[in-house]
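Going by our numbering, the sequence shown opens with residue 81, and the numbers climb by one from there.
Honestly, the hints are just simulated from the structure, not real lab data. Careful: at least some of the hints might be erroneous.
To be verified - Taking CB as the label site, the calculated pair distances span:
# : residue 1 : residue 2 : range
1 : T103      : E146      : 32 to 38 Å
2 : M156      : P200      : 15 to 21 Å
3 : N99       : S202      : 22 to 28 Å
4 : I161      : E110      : 19 to 25 Å
5 : Q159      : D191      : 32 to 38 Å
Here the structure is a predicted model, which means the values were calculated and not measured. We treat Cβ as the ideally placed atom computed from N, Cα and C, and that holds for glycine.
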Amino acid sequence: MNNINTINIQKIITDSTLNMFSTMLSMDLETPHDHTCVEHHKFEFMGLVDLDGELISGLIVIGLTEEFGRIITARMLDQSISDIQSTQEILDVSKEVCNIISGNLKSRLCDMGFTCRINPPSVVESKDYKLNSDEWMYSLCHLFHFEEHQFFVRSYFKGSVDNFS
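Please build the complete structure, drawing on both the sequences and the hints.
Below is the structure:
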């Protein structure tokens, strides 16, 4: 059982995302001081991973434009951007990125005494996708920039914790 009252989700996800992009994709991301997320309709790909636990559960969503999806897919597969012809490759990389970020969060939560598991990632390809966030106690959007591109990682949580931050 955990012995903490506050979980700093924002720091865990931000650090995990910055580290994953730097290490695996050689991309140095910027995080704006204003954490206001842009609307989902600007993003064509949404990777999703569920986190299930007895005391805490959540959902991690990553939103990417098709152009940025091609860039990270090319980097992950060590190919040129023009070599990325298949949308399926972008979908697969979107799921993998979301899975890595969620896996790091799961590991940190387990280190804090929360038992949880992550479900296999899924991805939605749509400019009009809207996620109903009414059932969640806590929601935070983490906005990231790389050159002229931006993407977000949004986290939704509920559970037996006094305070998420």
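Would you pick out the hints that fail for this structure and give their numbers low to high? 1
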